[in-house]
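Based on the sequences and whatever the hints tell you, model everything.
These protein sequence lines map, in sequence, to chains F and X. Following my numbering, the numbering of the first sequence begins with 1 at its first residue and continues without gaps. Following my numbering, the numbering of the second sequence begins with 1 at its first residue and continues without gaps.
It is worth saying that the hints were derived from the structure and are not from the lab. The reader is advised that the hints may include incorrect statements.
[Unchecked claim] With the Cβ distance kept under 8 Å, some of the chain X side facing chain F (calculated, not the full set): (1) L180; (2) S183; (3) R271; (4) L280; (5) L377.
[As the list claims (entries may be wrong)] Now the in silico label distances, taken between C-beta atoms and shown as ranges: (6) X:G275 <-> F:K144: 27 to 33 Å; (7) X:V459 <-> F:S170: 41 to 47 Å; (8) F:L175 <-> X:R380: 40 to 46 Å; (9) X:V200 <-> F:G117: 46 to 52 Å; (10) X:I292 <-> F:F25: 37 to 43 Å; (11) F:L175 <-> X:A274: 34 to 40 Å; (12) X:A115 <-> F:D173: 18 to 24 Å; (13) X:R380 <-> F:G117: 53 to 59 Å.
[To be verified] Listing some non-contacts, in silico: residues in chain X with all C-beta distances to chain F over 12 Å: (14) V207; (15) G208; (16) D270; (17) L403; (18) V412; (19) T413; (20) D479; (21) D493.
All residues carry an ideal CB built from backbone N, CA and C; glycine is no exception.
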Amino acid sequence: MGTVEIVTNDDRGAPIEIGGLVKTFGKVRALDGLDLTVERGEVHGFLGPNGSGKSTTIRVLLGLLRKDSGEVRLFGGDPWRDAAELHRRLAYVPGDVNLWPNLTGGQAIDLLGRLRGGLDEKRRAELIERFELDPTKKGRSYSKGNRQKVALVAALSADVELLVLDEPTSGLDPLMEAVFQEYVDRFREQGHTVLLSSHILAEVERLCDRVTIIRSGTRVESGTLADLRHLTRTSISAELASPPEALRTLPDVHDLVIEGNRARFEVETTGLDAALDTLQAAGVRSLTSQPPTLEELFLRHYGDRIEDVDEQEPVAR
Amino acid sequence: MTGTWLLLRTFLRRDRWLYVSWTIGITLLYYSQAVSVDGLYATQAEFDRAAASMDNNVAFIAMAGPARALDTIGGQVTWQSTAFGAICVGLMSMFIIGRHTRAEEESGRDELVRAAAIGRLAPMTAALKDALLANLVVGVFVAASLASYPLELADSIALGLGLTLCGWVFTGTALIAAQLTASTRSMYGIAGTVIGVAYVLRAIGDVGSPALTWLSPIGWYQGMHAFSGLRWWPALLLLAGAAVSTLAAYAVFQRRDIGSGVLAARPGPDRAGAGLRGPLGLAWHLQRASVIGWTAGLFLMGLAYGSIGNDVGDLVGDSETSQDLFLQGSSDLVDGFYATSLLMLSLIACGFAISSALRPRGEEEGGRLESLLATALRRRDWLLGHVTVTVLGALVVLTASGLGLGVGYALVTGESGAVDQFLLPLLSYVAPVLVLAAVAWLLVGLNPRLGTLAWVPLVLAVVVMFFGDLLQLPQWLQDLSPFEHLALVPAEDFRWAPFVGLAVVAAAISIAGQVAFARRDIR
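Here it is, written out as structure tokens:
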């Protein structure tokens, strides 16, 4: 792909480098010294609860908002000053896709593609088919999910080296989510980079190499998913042949409730083996396990004392 | 029909301001005619002279209706108000029906309501009753205001009743339109077309082929001949029309699924045409409907002013206030009248220019700008695309109104040079028009929330023009209106200095706005 040459010529560093970024809206400090680095060739998960500053970060990164202070580098350039040039190399899918009421989806895809400097015709046709999108409908008659598909087709059919995706699947059904994930995987295989903001931990786990977690405009965790394993607990509920009293002795099991032959508990990743052994010993009749949600994770690890945590150990990793 | 009353109560609550504004507006439309006709002509002789000149003016008849008893106040009120009054109640009915039926259905709120203990017909019936009631209120106020003027009681009641019934017919046709398409916009398109066709049918009918007039509910309304040999039977036609259209709408409703229209949505193109490329192509694509609409509207308005020809003197009468308004300090009444017409047309053209200049704000607040600026499109290029469309559009709209004025005048007087005489001076008004557009760009450039203030300078310009001397506004305030500085052609000779000055001001403010926009956060 032609773009690769340009990349090696003018910058070798990380496509996205943000350090100490501050952005205020009046008295509200939306971003408070945020750090974020996205390396070339990785899919980087950008996690945080609603209102934590994910979209603000992305909008500063795209030159839509002006930073108050801090460093922001996009492909080594200044995203405010050189917005248009830098944007030739990326495609963006906003969290809330708004289309022109009297343009069809197909027209919107072409318009965005042309403004970006061209799109891959073959991939455009393929994506429209895979996403089962009707490109002849007017923007005003699309549902939220379909508007999102229009933006995704436009972004994924562009010849770019960076995708910036702001909660791109919040309106998609699971089938379409799988299509989306497939294309993100393909994009990464070509050596390209993705910044994926989300508040769904499962999506991030499925797609991302590294993750940055933010809260209240500040980074609280950053690292590979393996690094963050310690943060995750699995919820298990099981029906057993006999009461699994032995669970009470395991150190990594929390919030245990045993009612007769039923048990509900949460277990840390390190304690999964021991817990499952214990259940098996009691004779498993049925078992459901649930991955932790981001909300639970936040509640458990940062609780209400997030500010204290930040002060004691600023940026854990 | 369970729940109809409950729904109707909430509709009425949501519509209360709609009721107030439409009622005041339409009542004033009728009542102000009585007042102004009364004030315009000091003596009956003058009145007769004006009436005689209107009697044979084909353009006026096409615009307003059959010329009957124009030498009486009642006759003038009927003539000047009924066609536009009927259009107004038509639009009111269309919006009331639309917002409570098709718009609710399109947004999905209707589904929520229907999930409750509500009869299948309840939402539609409540909307119908709402619209019927609104028309009744308007009719009562019109009748009461005219009777209190005082005009003859029976004829005043006939004008009000006919208006209500006319609104009921358009309520029925709007209700049919709401069954036909799945989109509210298309529904308004269909219902609006019905009103337009009704107006045009009676226009052609009144000018030459009376049979066509009897195909139009507006024709039936005017066929009641209020204040000129009143007859009641055309009201029965209106009543029948309202009943038939409403029953038809119910019949169609019973045969369709909720959420869909009878007509399938027309698919659009799956690829963008060659024109939809770059900021200018996009801005034109988004604004062209508005440019075309304003161009057509101002051409017709120019045509109407122009077709008054040289009869201005008869129309205006000798009373002092009307002379003041039209003469604008000129010694020649015809020149003074056309100088005022040019000014009025350019003030109306500001409606286009300001709304067009606010279009970028609409794109920003609609959240569509974000996606555009995340491409290789520069901020300033994007805005410049819209600015270009506004500037060229203002020129086109002014040209159309100048052509209309010239063509209308030439048709009536046979002076073919009239087009040149009006077109060039009207084009010079592009400078003050663009000053107002530039103010809009500056406000939005600073902060999109300020955009609405862009209408304030237009209000100021209108007030200064019509009431500046009457209210004895201080000179500095009058000078703030950019329209106060150009020479009043044809009453005065054209002067370059103020035109160039205003053009420079417009350019400077517009550049300031674009610079401000390039430096601020996108919402």
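We went through each hint and held it up to the structure:
Interface restraint check: L180 (chain X) against chain F, minimum CB-CB distance 16 Å, threshold 8 Å, status violated. For S183 (chain X), the interface hint holds, since its Cβ comes within 8 Å of a Cβ in chain F; the closest pair sits about 7 Å apart. Hint status for R271 (chain X): holds, given a least beta-carbon distance of 5 Å to chain F, under 8 Å. Checking L280 (chain X) against chain F by beta carbon gives a least distance of about 12 Å; that is not within 8 Å, so the hint is violated.
With a cut of 8 Å, the hint placing L377 (chain X) at the interface with chain F holds, because the nearest CB-to-CB distance is about 5 Å. Here the CB-CB span from G275 (chain X) to K144 (chain F) is close to 29 Å, well matched to the stated 27 to 33 Å. Roughly 43 Å separates the CB atoms of V459 (chain X) and S170 (chain F), a value that falls within the hinted 41 to 47 Å. Taking the beta carbon of each, L175 (chain F) and R380 (chain X) are about 42 Å apart, inside 40 to 46 Å as hinted.
Distance hint check for V200 (chain X) and G117 (chain F): the Cβ-Cβ separation is about 48 Å, which falls inside the suggested range of 46 to 52 Å. Hint check: I292 (chain X) to F25 (chain F), Cβ distance near 40 Å, so the stated range 37 to 43 Å holds. For the pair L175 (chain F) and A274 (chain X), the beta carbons lie near 35 Å from each other, so the given range of 34 to 40 Å is met. Roughly 23 Å separates the CB atoms of A115 (chain X) and D173 (chain F), a value that falls within the hinted 18 to 24 Å.
Between R380 (chain X) and G117 (chain F) the CB atoms are about 18 Å apart, so this pair departs from the stated range of 53 to 59 Å. Even its closest Cβ contact with chain F, about 36 Å, leaves V207 (chain X) beyond 12 Å, as expected for a residue assigned away from the interface. Look at G208 (chain X): its CB is around 38 Å from the nearest CB on chain F, clear of 12 Å, so calling it non-interface holds up. Its closest Cβ contact with chain F, about 4 Å, brings D270 (chain X) to no more than 12 Å, contrary to its assignment away from the interface.
Every C-beta of chain F lies more than 12 Å from that of L403 (chain X), the closest at about 28 Å, which supports listing it as non-interface. Once the 12 Å rule is applied to beta carbons, V412 (chain X) is consistent with being away from chain F; the minimum gap is 40 Å. Taking the minimum C-beta to C-beta distance to chain F, about 43 Å, the non-interface status of T413 (chain X) holds against the 12 Å cut. Every CB of chain F lies more than 12 Å from the CB of D479 (chain X), the least distance being 37 Å, so the non-interface label holds.
Here D493 (chain X) stays apart from chain F, with its beta-carbon at least about 46 Å from theirs, past the 12 Å limit.
In the structure shown, a violation is registered for the earlier hints numbered 1, 4, 13, 16, in ascending order.
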